[in-house]
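*Asks:* Starting from the known structure of chain A, fit chains B and C onto it as the hints suggest.
Chains as they are written, first to last, in my numbering: chain A, 1 to 360; chain B, 1 to 310; chain C, 1 to 357.
No lab work stands behind these hints: they were computed from the structure. Do not rely on the hints blindly, as some may be mistaken.
In the EDC-like style, the derived pairs of lysine to aspartate or glutamate whose C-alpha atoms are separated by at most 20 Å in a straight line are [stated by the list, open to error]:
no.	chain 1	residue 1	chain 2	residue 2
1	C	182	C	349
2	C	151	B	266
3	C	182	B	266
4	C	28	C	272
5	C	148	C	297
6	C	228	B	144
7	A	172	C	345
Examples of chain A residues lying across from chain C (beta carbon under 10 Å, computed) [stated by the list, open to error]:
no.	residue
8	161
9	167
10	168
11	176
12	180
13	269
14	271
15	273
16	281
17	282
18	317
19	318
20	320
21	326
22	331
These numbers come from a predicted model, not from an experiment. Backbone N, C-alpha and C fix where the C-beta goes; we use that ideal spot for every residue, glycine too.
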Amino acid sequence: MLRLEKRPVPSRFWTIMTPVVAVVATMVAGGLLFAFLGKDPVAAIRTIFWDPIFSEFAWYYRAQLLVKAAPLILIALGLSLGFRAGIWNIGAEGQYIVGAITGAAVGLAFYPLDAWYIFPLMILAGALGGWAWAMIPALLKIRFGTNEILVSLMLVYVAEQLLAKMSLGLLKNPDGHGFPGSRNFQEYPSAHNVELIEGTGMHGGVLAGFIAVIAAYVLLNRHILGYQIRLTGQSARAARFAGVRPKLLVAFCLGTSGALAGLAGLFEVAGPAGQITIDFNVGYGFTAIIVAFLGRLHPVGILLAGLLMALTYVGGEIAQANLRLPAAAIQAFQGMLLFFLLGFDVLANYRIRPIKREVA
Amino acid sequence: MDLSAINPLVLIASLMVAATPILLAAIGELVVEKSGVLNLGVEGMMITGAICGFAIAVESSSPWLGLLAAAGGGALLALVFGVLTQFFLSNQVATGLALTLFGLGLSALLGQGYAGIKPPPSPRLDVPFLADLPVLGRVLFQHDYMVYISILIVACVWAVLKYTRAGLILRAVGESHDAAHALGYKVVRIRLMAIAFGGACAGLGGAYLSLIRVPQWTEGMTAGAGWIALAIVVFASWRPWGVLLGAYLFGGVTVLQLNLQAAGLELPVEYLSMAPYLITILVLVIMSADRGRAALNAPAALGKIFHASS
Amino acid sequence: MNHIRSILAAAALSLGLAAPAAAQDPLKVGFVYVGPIGDFGWSYQHDQGRLAVEEEFGDNVETVYQESVPEGADAERVLTQMALSGTDLIFTTSFGYMDPTLNVAKKFPNVKFEHATGYKRAPNVSTYSGRFYEGRTVLGHIAGHMTKTNKIGYIASFPIPEVVRGINAAYLAAKAVNPDVKFSVVWVSTWFDPAKEADAANALIDQGADVLMQHTDSPAAMTIAEDKGIYAFGQASDMERFGPNAQLTAIVDNWNPYYIERVHAVLEGTWESQDSWHGLAEGMTQMAPLSDAIPDDVKASTQEIIDKLASGEMHSFEGPINRQDGSAWLAEGERAEDGTLLGMDFYVEGIEGSLPK
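Here chain A stands alone, though its shape is the one from the complex (with noise of 0.2 Å):
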């Protein structure tokens, strides 16, 4: 029998090797799954993980690399806040959604106006709408101390059908014929999340992100408020102690993810989604939760979680066209690296050890 014996500190040399471990398990596993579909296993696994980076058209891919995974990283950094305190706001999607409903509201309001400062105003506003909505939650649990799980899950689903409102209604494109969906701010440069450098993939938002990353890491080590957070999350009491006010950072943690969710929201609906429809949202807000964890809530773990997702993402698209593997085999495959990343983790913080008696 083998059992788990806490390791003083984190193993420095684990902490780097357990992800590849878990990578290169899931490329196994992933293999045999393939396999057993009936594909070749190799193939699979360097069309998911190789073409992406190195094949002969990665200079497209490797920007889609970056636009994929922004708002992935952009949320994922504004939830690991709250995480590391034990506040949990898994309403990021419905965040995300009313940002971008009221960043491109914003935008269609100067519709056709040419100016300069409607783009900043739009960020402004996708930022306030994403922290609006997280912010019932949180004043919901300041006042009165109600589940922030349930309800900022519960207003994802309210914000899917504000979605399809407005793409049905109030931001319906006036020269669409009718159909749902809003203008598309692709063709109207004041409002446009373009790219910075073209060709890079490089918009707004993935600039937003990394950005965001410094400002992430600074505010966990070098801030008082970082230190209140993680002191929260050790042990809330002896935070009470230091002088932490638990309200004050329920507001600052749900409201900060709730901002940057939004901003995410808005740099996808005015770059690269181009307008408001009834199925805008992918799914960013429910993956982010998963790479805040795979980034260990640290800002560069979930800087590289983040791509990692986004690849597995782009190489994912790319096996299914070109080896015909079924779009499930690839969610399959993503479930399954999760499961070994999370489950490897284990190595970094404890140290396996024989023991002679069977103990349970």
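*Replies:* Positioned in the frame of chain A, the structure of chains B and C alone reads:
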């Protein structure tokens, strides 16, 4: 508008059917959470149960075998979560979400040959004499077996938690795993059993959808029911009968909304569709404003990682 | 923008991908679906079209497809990826792919695109859609005859022109044969949620509807109708297997002939950008076999309507028709223009309730 077309008794009968999948999933999750584990993978376990149950029912032409397989499939998937969180000490929120992702993919893979097939019909329980009662007959005694079984499960969970030693141990483990461990209880083993039970119930809930309520297999057919089950557990503040009430209320709001539309009541549709979620939030607020009670029922060790250091 | 376009074009040219395949290479045809091909509705029917293309041209074509592609940014990447890997003709099969299709088409002027149900075209982008409302007229005619309670249940997704057009067409046809008929429309705010669709079907049946129509994608309502012993119509695909007794007929989206025709055009070098809105005449809209539950005389009159719609002798929207508020829309003998139909956002006179705004 013709509201007289809505027969309240018929409405109650159909809301019972509409609520059964989420009721099953929620009562399972309640047991899991009572043991101090938060499994957010309900949706993944439900959809896996839906396809396992469907496939076996079709292959064996027996809905009962199908339901059994659904429970087995759900439990098996839940044990993946159990092993990861209990042995490998992974984070429960993230692992649960990953479980949902994996379950959705796995079910779609398993179900590739089963789209467009009709499952064998499930027997109805028309209780002799009682089913013909003028008022209660339609509401209470004309359903399929699973509606009654789901209520029975709720009653059992309630009785076990309240009156038996097993229930006491389960609650103790959820309250403080360290104390329970010190008393000599096998925390990990107990939690694994609770997780498997939760998976089995979620699987049954999924199979109720694919075998009885809809009945057919389509990818992604649970369409978020698992998330609602999670909400209902908290809504019920971890009390079994509260789960029953919550599930029926939630099922009721959806069914009522559709019935009002069918009766010609003009209400903005999107706002109507928001209603169940808003009402749940409202109830959550009212309950939590009544300080103490909900908090008393919440398992203190919920979501915390247990590692026996001695 | 020009910069990247030239890179992409250069890349395509240098690899010899830009020109339609040389004689020995098979033509590569791509399909992008919004749902899983196992949905037994919309995406399933498009995939049937892909299979028909493979069957027709054998080794002369190679098909690739991608299922469950979200609309928006992801669609644009999937399309670019297809174009980069040498696909010559790409069918994008959902309305939401409109702008992504146009964007990618701009970057790959030598790849041909076909976008379903949209209205934006370019020199290398065609659009196509089915006149499914003609099918609705047929359903309405049968429903008007078959209902005993004079109440038709209609499960609708979102109030977009396509759906509104269907309700209007069905209602006018039903009303023509049964002046007492009433439509009860339930908006479920989803294209695909089998449980909710089943609940909606139950609610309508509980309130006396004895014939169901749907404009959502799952066969859930059909199975409920079968279970409750009432009638229903299949949507997008023949759903007889879900309701052998319940299904009266179904509107079948038959993309096969169009897909074969367009692939043929590319092979022949005669492909040009165009807009196709095909109905019963061209076979893009098809009716599944009429059920034996329909009495012979109704069968005969139904067949007559199908034939007349196909030949153009009859039109689904032919005056006199008023709008719901009583204002005149079409005068005696006047037929609706395609433009009005494409943007239809009003009920015709006689339908109760109002469109969700």
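*Asks:* Each hint: holds or not?
*Replies:* A quick look at each hint next to the structure:
With a CA separation close to 12 Å, the supplied pair residue 182/C and residue 349/C stays within the 20 Å bound. Distance hint between residue 151/C and residue 266/B is fulfilled; the C-alpha atoms sit about 18 Å from each other, no more than 20 Å. Taking the CA atoms of residue 182/C and residue 266/B, the gap is about 16 Å. The hint holds against a cut of 20 Å. Between the alpha carbons of residue 28/C and residue 272/C the distance comes to roughly 18 Å, so the proposed pair stays at or under 20 Å and holds.
With a C-alpha separation of about 17 Å, the suggested pairing of residue 148/C with residue 297/C holds against the 20 Å cut-off. Between residue 228/C and residue 144/B, the direct Cα distance comes to roughly 14 Å. Compliance with the 20 Å bound is thereby established for this hinted pair. Restraint check: the Cα-Cα separation between residue 172/A and residue 345/C comes to about 13 Å, which is no more than 20 Å; the hinted pair holds. For residue 161/A, the shortest C-beta to C-beta distance to chain C is roughly 7 Å, which falls under 10 Å, so the interface hint holds.
Proximity of residue 167/A to chain C holds as hinted, the smallest CB-CB distance being about 9 Å (cut-off 10 Å). Interface hint at residue 168/A: satisfied, since its Cβ lies 6 Å from the closest Cβ of chain C, which is below the 10 Å cut-off. A least Cβ separation of about 8 Å between residue 176/A and chain C falls short of the 10 Å threshold, and the interface hint therefore holds. The restraint placing residue 180/A at the interface with chain C holds, with a minimum CB-CB distance near 5 Å, inside the 10 Å limit.
Against a cut-off of 10 Å between C-beta atoms, the interface hint on residue 269/A holds, since the closest Cβ of chain C lies about 9 Å away. Because the closest C-beta pair between residue 271/A and chain C is about 8 Å apart, less than 10 Å, the hint holds. Restraint check, residue 273/A versus chain C: the minimum CB separation of about 4 Å is within 10 Å; hint holds. This hint holds: residue 281/A has a C-beta 9 Å from the nearest C-beta of chain C, less than the 10 Å allowed.
At its closest, the beta carbon of residue 282/A sits 4 Å from a beta carbon of chain C; the interface hint therefore holds under the 10 Å criterion. Against a cut-off of 10 Å between C-beta atoms, the interface hint on residue 317/A holds, since the closest Cβ of chain C lies about 6 Å away. A cut of 10 Å between beta carbons decides the hint on residue 318/A: the least distance to chain C is about 6 Å, and the hint holds. Of the supplied interface hints, the one on residue 320/A holds, with its beta-carbon coming within about 5 Å of a beta-carbon of chain C, less than 10 Å.
Because the closest C-beta pair between residue 326/A and chain C is about 7 Å apart, less than 10 Å, the hint holds. Annotation: residue 331/A was flagged as interfacial toward chain C, and the flag holds, the nearest CB pair being 9 Å apart, inside 10 Å.
Against the hints set out earlier in the document, no violation occurs for any number.
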